[in-house]
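Please work from the sequences and hints to get the whole structure.
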Amino acid sequence: MNDSPLFHCRFSQHLTRPILALIVGLSGISVANMASALPVLEQPPLLMAQSTALAGNWRLANMTEDPTPTPMVPAGELTVEFAGDRISGSGGCNRFTGSFDTEGNQLQVSPLASTFKACEQSIMDQETRYLTALQGAQRYELDDQGQLTIFYQTDQTSGVLRFTNQTVRGMW
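Take 4 as the starting number for the sequence shown in the numbering used here and just add one per residue.
The hints are simulated quantities; they were obtained by calculation from the structure and are not laboratory data.
Not one of these hints is a red herring.
Cβ pair distances, simulated, as ranges:
hint, residue 1, residue 2, range
1, A56, S125, 31 to 37 Å
2, T100, D128, 19 to 25 Å
3, P77, E106, 35 to 41 Å
4, S161, S125, 21 to 27 Å
5, E144, E84, 15 to 21 Å
6, T157, R98, 19 to 25 Å
This one's a predicted model, so the numbers in the text were calculated from it and none came from an experiment.
Glycine included, C-beta positions come from ideal geometry on N, C-alpha and C.
In structure tokens:
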């Protein structure tokens with residue numbers, strides 16, 4: 004055999020590429036065969052913490068107690084936001100937060116915590132009725148116009164909260 008470095012270099016160069024291609028090709032087949040031989044692992048279903056239909060920001064349009072619409076105090080905006088399993092918003096004077104749970108169209112709201120600012124008595128009374136109604140939520144409905152209706156039952160009364168969606172509009 005020829006022991007010259009030039010021979011080894013040419014021999015290596017001519018054989019290395021085909022051998023490398025063969026190895027890569029065979030390993031690709033092996034990986035493909037191994038993958039098909041492995042048992043298919045079932046992926047666990049994705050569990051949503053809460054209904055995505057409720058997700059978003061909502062503004063109270065009106066509140067009804069015992070089939071009579073409750074006059075809304077013009078000052079202060081009453082809102083609610085559903086995100087994940089958390090509920091938050093404004094009662095017109097104070098901010099509130101808590102958690103909620105859904106099953107189908109059933110809705111349950113935990114006791115709510117709120118800030119403790121003082122406002123006019125009429126606003127505070129409205130806020131108390133609103134937060135009490137939210138905590139008494141029984142079920143909800145969404146209509147085709149993107150309105151949310153929450154039906155509630157408390158120790159004192161029952162009624163309906165109607166919300167409009169507060170979708171953030173693009174700036175164009």
